[in-house]
Each structure stands twice: as C-alpha cells, then as structure tokens.
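K.L.:
Respectively, the protein sequence lines represent chains X and G. Read in my numbering, the first sequence has 119 at position 88, and its numbers run on one by one without any break. Read in my numbering, the second sequence has 142 at position 128, and its numbers run on one by one without any break.
Hints should not be assumed to be uniformly reliable.
[Claimed, not checked] In silico contact screen, one side only, chain G against chain X (beta carbon under 10 Å); selected entries: (1) P93; (2) F103; (3) M110; (4) L114; (5) I132; (6) D136.
[As the list claims (entries may be wrong)] Keeping only pairs whose Cα atoms sit at most 25 Å apart, straight-line, the calculated DSS-like set for lysine-lysine is: (7) K207(G) to K180(G); (8) K232(X) to K180(G); (9) K180(G) to K86(G); (10) K155(G) to K232(X); (11) K198(G) to K180(G); (12) K198(G) to K86(G); (13) K213(X) to K155(G); (14) K406(G) to K457(G); (15) K189(X) to K213(X).
[Stated by the list, open to error] Negatives, chain G to chain X, calculated, CB over 10 Å: (16) R26; (17) H80; (18) L111; (19) R173; (20) E295; (21) Q392; (22) K406; (23) G464.
To be clear, the hints were calculated from the coordinates, so they are not data collected in a lab. Keep in mind that this is a model prediction, so the values were computed, not measured. Don't be surprised by glycine CBs; every beta carbon is placed ideally from N, CA and C.
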Amino acid sequence: MTSGKQMADFLLRRGFAVVFAIVFIFFSVATAHFFQVDNILNIFSAMDPLAITASGMALVVMTGRLDISVGSMAFLSCSIGALLIRDHGLNPVLGMLLVVGCGGLLGAINGFIVVVLRVNSLIATLSTMIAYRGMALALTDALLVELPAPIRFLGNAKLGPIPVNIPIMLAVLILVHLLQTKTSFGRQIMAIGNDVTVARKIGLPVDRTGFLSFVLSGALAAAGGVLTTIENGAVSPFLGDGLEFTALAVVVVGGVSLLGGRGSIFFGIIPGAFIFEMIRNGLTNLGADPYSYRLVGGAVIFAAMYADALKSGRYTLRSQS
Amino acid sequence: MRKAQTAQTLLRMDGICKAYAGVLALNHATLEARGGEAVAVMGANGAGKSTLMNILGGVVAADSGHITLDGKEIALRSPRQAAQQGFAFVHQELTMLPTLSVAENIFIDDPPRRGPFIRWVDMAHGAERLLARLGCAISPKTPVEQLGVGDRQLIEIARALRRDAKVIIFDEPTSSLTKPERLKLFDVIRGLKAEGTVVIYITHFLDEIFAICERVTVMRNGETVWSSPMSEVKPARVVQLMLGVSENEGRIRTPVEAVGEPLLSVKGLCREGDLNDIRFEIRRGEIVGLWGLLGSGRTELLHALVGLGPIDGGTIEWNGDDGRRELTPDQLRACVGLVTEDRRGEGVLLPLSVSDNVALPNLMSLLNNWRLVDRRRQNALADAMIERLSIKATDRDQVVSTLSGGNQQKVVFARWLAASPRLFLLDEPTRGLDVNAKTEILKRVVELAGHGCSVLLVSSELEDLMRVCDRYLIISRGRLVGALPGSADVDALMRSIATIVTEQEAVL
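Required output: the full structure, derived from the provided sequences and hints.
P.N.:
Here it is as structure tokens:
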C-alpha cells in the first residue's frame with residue numbers, strides 16, 4: 032500500500048475526527064475568544080437539549096427507522112407542562128415529570144402507528160410532527176408561555192464554574208448509553224436494526240422493542256425540551272422548530288447508521304452535537320453572517336456522509352474479494 | 015450432555031396435512047426420527063419438504079395430524095414455542111446479525127443477566143464453551159460481519175445448542191460452503207449425533223446423505239413415499255423415489271442424431287466452487303437435455319454461458335452464419351434466446367401487455383424513420399406471434415399478468431422468436447404448467463429444432479426431457495459427468511445421476 036492510499040484510508044476511517052479537528056483548530060486560531068474554558072463550557076451547555084434529543088432519536092435510528100417528530104413532541108409536551116404550571120399552579124417539579132411522561136405518551140402514539148398500523152416510520156412521524164406542532168400552537172395561541180421567576184432562575188444555576196445542565200446531560204447520555212450497550216432491550220434494538228426478519232425468526236420481541244424505542248425517543252425529546260424551556264424561562268412557539276433535522280444530523284454525523292444496527296450513543300452523539308454547536312459558536316465569534324451557519328452545517332453533514340458512503344463502498348469491495 | 019438414546023423413536027410426525035388456498039401441500043405426510051440419528055429428507059421442488067419443516071419450526075401450522083416428541087404429543091404454534099420444545103432450525107439463509115458480536119448472536123434472545131444488565135463475561139465464556147463443542151475457536155467478541163459463511167453456520171448451530179435443542183433441522187446447509195467447510199460441518203453433525211441429538215438433514219446432494227445420514231425419508235407431491243434405514247436403499251432408488259415416473263405421454267420427436275459442424279462448442283468453462291471444466295458441443299437443429307438434480311449446477315451453467323454469472327476461465331466457440339469465432343459470454347447472450355427458470359422474475363414484465371413484452375427485445379427492428387417505435391409494426395409483430403404460438407389472449411393488449419402460466423411462457427418464447435436466434439437456452443420452461451400446456455410448450459421446442467435452431471433444455475421433470483431430447487448431458491456438482499443418447503430409458507437416466515454420486519462419495 033502506498034502512503035497516499037494509507038492517507039486516504041486514514042481519512043476515510045477517521046473522516047469525522049479529521050473534520051472535527053480541522054474545524055476546532057480553525058476556530059481556535061481564527062478567533063481569540065473561541066479556545067477558552069468558558070467558551071468550551073458554553074458550547075457544552077448550549078448543546079445539551081440537542082444531545083439529549085438526538086440520543087433518543089438514535090435509539091429509533093438504530094432499529095433502522097426514523098423519528099422526525101422529536102421537535103414537535105418537545106414543543107407539545109413542554110407547552111402542556113408550562114400551561115399547567117402557569118395557569119393552574121402545578122408544582123414545577125411535578126410539571127417536569129409530567130412533561131417527560133407526556134413526551135413518552137406522544138412517542139407511544141408514534142410507536143403505535145409504526146408498529147401496529149405498519150405505517151412507514153418517516154411518513155408516520157412526519158404526520159405527527161405536523162399534528163403535534165399544530166396542537167401545541169392551538170393550545171398556546173402561538174404565544175410565548177412565560178414561566179414563574181424561580182424556574183427562570185434555575186436556567187443560570189451552576190455547580191462551581193460548570194452550568195448544572197452539563198452534568199444532567201452527561202448523566203442522561205450515560206444512562207441511555209448503558210441501556211443501549213448493556214441491556215437485552217438495547218441489544219434487541221441493534222438486532223432489529225441488523226435485520227428485522229432475522230430478529231423475528233430468532234424469536235425476539237421485535238414489535239415491543241420497536242414500540243419502546245419510539246416511547247423513549249418521545250420522552251428524551253421532552254426532556255431536551257425541559258432543558259431549553261428552563262434556560263429560556265418560557266416556552267416559545269419556536270421551541271423545537273427544525274430540531275428534528277439538527278438532531279438527525281447529529282445522529283448520522285455521530286456515526287449511527289441510518290440503515291440501523293450500528294453506532295454508539297455516548298461516543299457518537301456527544302461529539303456529533305458538539306461539532307454543530309461548535310460551528311454555531313465559532314461563526315458567531317468570527318462575526319460571520321448568522322445564516323452562514325446553515326451552509327457550513329450542511330457542508331459538515333455532507334462531508335461526514337460522503338466519507339461514510341465511500342467507506343461502506345470500500346468495505347463491500349473488500350468482502351467480495 | 016445428554017446420553018445417547020439410539021434406536022428409540024424420539025420424534026414422530028403422523029398424518030400431517032396442510033393445504034394452501036385449497037391446494038394440498040402435505041397429504042398425510044409422516045416422519046420418524048430417532049435420537050442420535052440423522053434422517054435425510056429428500057424430495058424434488060414442491061414435494062412438501064419445506065412445508066413439513068416449517069411445521070416443525072412453528073412457522074406454519076398443520077391443518078391436521080399429530081407430532082410427538084419423546085412419546086408426548088406437542089403443539090407447535092409459533093417459532094418461539096417450537097424453540098422451547100427443543101426444535102432448532104439451521105436455515106439455508108443464516109439468521110445472523112452481522113454488526114453484533116459472535117457471543118451476542120448466540121445469546122441474543124436470552125443473555126445471562128444480573129438485574130437489568132447483560133453479563134458480558136458470562137456470555138463470552140458461554141459462547142466459547144459452545145463453540146469449543148463444535149471444535150471452533152472464534153473469539154466471542156468478533157463481529158459476525160468479519161466471518162465467513164462456514165463460521166457463521168457454526169454460530170447458528172451454537173445457538174441451537176444453547177437452546178438445548180433436541181432436534182436440529184439443517185436446511186440445505188452445504189449449498190454455500192467450500193469443501194473443507196463441508197467436511198467440518200459433517201464432523202459437527204457426527205458430534206451432535208453422538209450426543210443424542212436428532213438431526214434432520216435436507217439436501218439435494220445424494221452423496222451427502224449417504225455420508226452422514228442413518229435414515230432417509232423421501233417425499234413426493236406432499237406424501238411420504240419412502241422411509242427406511244440408509245442401508246436398505248441405493249442411490250438410484252432414492253432418485254427414482256424422489257422424481258417418480260408419471261405415465262409417459264409419448265415422444266413428440268424421435269431422437270435425431272445430428273451431424274455436421276457444431277454450432278456451439280464450449281471448452282474448459284469453470285468457476286471456483288460451481289462449475290468444473292465444462293466441455294460440450296451442440297450441433298444445429300439438435301435438442302440437448304441437460305439432466306441433473308436441483309443444485310447440480312444446471313442453472314449456473316446456463317447463466318455462466320451468457321454472462322449472467324461470472325466465469326473463471328474457458329472458451330466459447332460459436333459457428334454462426336458468419337463463420338467460426340470465439341465469443342465472450344456477454345457476446346454469446348446476443349446470439350441466444352434465454353428462457354429463465356424464474357419466468358415471473360426474469361422472463362416477462364407482468365404489468366405490461368403481450369404486445370409490449372414481445373416488442374421489448376426487438377425494439378431496434380421496429381423503429382420508423384424518426385427513430386421512434388412504430389406502433390403498427392409492433393402490433394403486426396405481436397399479432398404474428400400470438401398467431402404462431404397460439405397464445406390464448408383476448409388481444410395483443412391484454413396484460414401478461416392476467417394470462418395463464420402456459421401462455422405467459424409462450425410470451426417469453428415470442429420475445430425471442432422474433433429475434434430468431436440460432437440457439438435457445440431453456441431453463442425449466444415447463445415448470446408449473448399443466449399437462450396440456452407442457453405439451454404445447456414442448457411442441458414449440460420441437461418446432462424450433464425443426465427450423466434448424468439448437469436447444470439446450472433443462473428440466474427437473476425427466477419425462478419432459480424424454481419427450482423431446484436428441485441426447486442428454488449429465489451434470490452433477492457442477493461437472494458434466496456423462497452423456498446418454500436420446501434412446502436412453504428412465505432407468506439409465508436415473509442411474510446416470512445416482513452412480514456418479516457414489517463415485518463422488520469415494521472422493522469425499
């Protein structure tokens with residue numbers, strides 16, 4: 032093997048790491064403020080809702096399905112919780128639990144449509160994405176739902192120098208990661224993603240596992256919504272708008288195969304979410320046009336996916352020879 | 015480890031009936047298997063083997079009949095229930111989860127756990143132990159996608175062992191194995207038998223059943239037609255029982271000994287594992303039957319000839335109207351009419367009309383001055399073909415999917431007739447047709463030869479071959495192992511594929 036080929040091979044294998052490093056170094060050199068502890072913590076703090084949502088979505092993607100209703104599930108469940116807290120004086124802690132439970136319920140509806148009614152998951156969650164958002168907009172009259180001051184204060188809570196939502200996010204992701212790697216349920220998710228028919232033949236509870244993956248996706252999306260809401264001190268009509276696509280991008284850039292059966296939660300989602308937040312943060316520091324974020328984000332998705340396509344192409348060639 | 019319980023019937027299936035949409039797939043089928051023995055289940059396509067096995071696997075429910083295991087009557091309503099009763103299936107298509115590890119593939123449905131968490135260490139040790147029983151030392155952490163077919167099959171067997179299977183069903187397990195892998199598998203099966211497991215072995219390869227099975231059960235048309243210890247039966251008898259001989263409909267064409275230059279001569283055609291030094295000639299106006307059992311390489315040979323499958327080497331010489339030249343398989347495809355085994359999948363375009371189907375391979379000859387397809391010419395061609403082959407369609411615009419099987423097959427013929435190739439390769443052209451439709455199709459074949467075309471004909475139904483062929487090529491395990499004249503009788507033909515088998519047994 033020539034060194035050129037080796038180089039190409041390395042780039043393909045570590046495509047994501049290479050892109051990550053280039054972007055990181057570029058921003059560190061190009062802006063004065065980027066490479067500072069405060070700013071890195073900012074990035075970590077800002078990416079939390081995205082990372083939690085993406086970890087739930089990843090569970091669905093690992094089964095080989097899609098859930099693009101995550102943003103709407105977060106919006107609808109947070110709206111319900113916020114309205115009950117504001118108008119009916121619900122205890123905020125109970126409110127948070129209610130929101131997460133509500134997300135699980137919305138996810139269960141997705142699961143029912145996909146698993147029992149056998150509707151393609153993309154179409155099923157596209158329809159609930161539209162419907163859930165519509166319900167939430169009707170409930171809130173498309174207005175901001177402000178939360179009481181003590182909750183708003185929570186958004187700035189810190190453990191020493193570290194914003195409190197960072198350890199929360201890490202804890203959630205570690206739990207989901209353990210669920211995915213260390214439990215029967217998690218391995219069944221991977222089994223289904225490998226091949227549903229085979230999983231069924233082996234006698235795995237394919238339908239139950241598929242259903243539960245949607246429930247978890249809904250609950251985690253709602254949990255991500257709770258963090259956003261606390262940070263903003265209010266539920267805005269734009270909560271979770273477009274989140275499904277950013278989350279999906281995080282999932283695929285993080286190395287979770289859209290075909291299912293491949294990927295890691297902790298070691299995929301965290302760098303995946305970090306790179307997107309880093310680009311936003313870095314471009315802001317550069318004083319770039321706010322819309323350029325979308326262009327660069329799109330380019331990163333493309334680069335990661337192209338490397339992935341090349342890589343899988345190579346692997347097929349290899350296994351044939 | 016269970017004690018060997020030979021000479022005692024462990025599994026018995028009695029009076030099993032199953033109908034699909036009114037068509038009887040199993041008619042009071044029986045099966046008997048003893049502990050520590052391998053029983054071979056043989057039968058041609060559609061004999062009911064797979065239905066019977068699917069009943070054991072809990073995939074299909076029998077309409078009536080009894081199944082007893084160890085003297086107790088059992089019900090098998092789902093794959094899960096069948097697995098709990100001790101039945102394990104090693105499918106031809108392995109049920110592997112490629113991105114998961116070896117250990118996970120073995121334990122996926124019931125891993126060792128502490129609380130909610132899988133105990134990886136125990137699982138890996140368990141996998142190692144099971145694989146060791148199979149004489150295999152793959153690391154349990156290896157992702158299955160990195161392993162070959164032989165190893166994957168062992169993992170499948172290990173999964174069966176883990177479930178403590180009493181009965182393991184092997185469905186054509188050797189079809190994609192290399193020879194060393196096959197021998198390894200036989201060792202494993204011998205080991206299983208020594209432990210007292212019942213092995214049910216389904217295959218088309220006679221040599222294999224004589225090598226490792228104690229009993230043989232032969233099925234035909236949904237019935238069990240023979241069941242005995244292996245020692246009481248000869249290979250030729252098994253073939254005869256499998257294929258049966260229905261009443262001979264009488265020859266359509268008396269064998270002609272063709273003379274003159276060969277149209278096609280093939281030399282040294284080979285492909286690793288599938289085809290071995292294939293050498294034959296076909297003369298003009300000759301109908302040559304390619305006779306062999308399923309899996310003998312008949313279809314592979316036809317496909318390889320025309321480039322639908324790769325070849326490793328060999329030459330194809332074509333003696334067409336413009337003289338003798340050497341062709342590549344892809345070039346040969348342009349010279350032959352190919353009627354494939356799977357006419358619904360490869361032969362016709364079901365949603366299109368008869369006219370469109372006939373026109374498709376001949377579009378270049380139907381172009382008008384504007385280089386567009388001329389409707390009138392296309393219609394004329396379609397009408398001519400409907401007339402010539404007496405295709406029973408209301409008109410040329412009838413959609414092919416609504417035609418009967420025999421008429422669909424005629425449409426396939428029509429497509430090629432219009433191009434008037436010199437050589438036809440016909441793979442099971444009569445499959446699934448009733449007697450009259452078969453005769454119709456065979457008459458067309460004879461007509462082709464009458465017009466000077468050559469035909470290489472493959473059929474699982476010996477009586478069909480015997481009605482039209484001028485001579486036979488015998489194929490077994492991807493090798494042409496003999497030739498017989500058109501006057502050969504049933505016995506000679508049956509023996510021809512069976513005797514070879516015993517020779518190969520010696521090699522094994």
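K.L.:
Could you check the structure against the hints above and give me the numbers of any it violates, in ascending order?
P.N.:
Checked against the structure, the hints that fail are numbers 6, 12, 15, 18 and 19, while the rest are satisfied.
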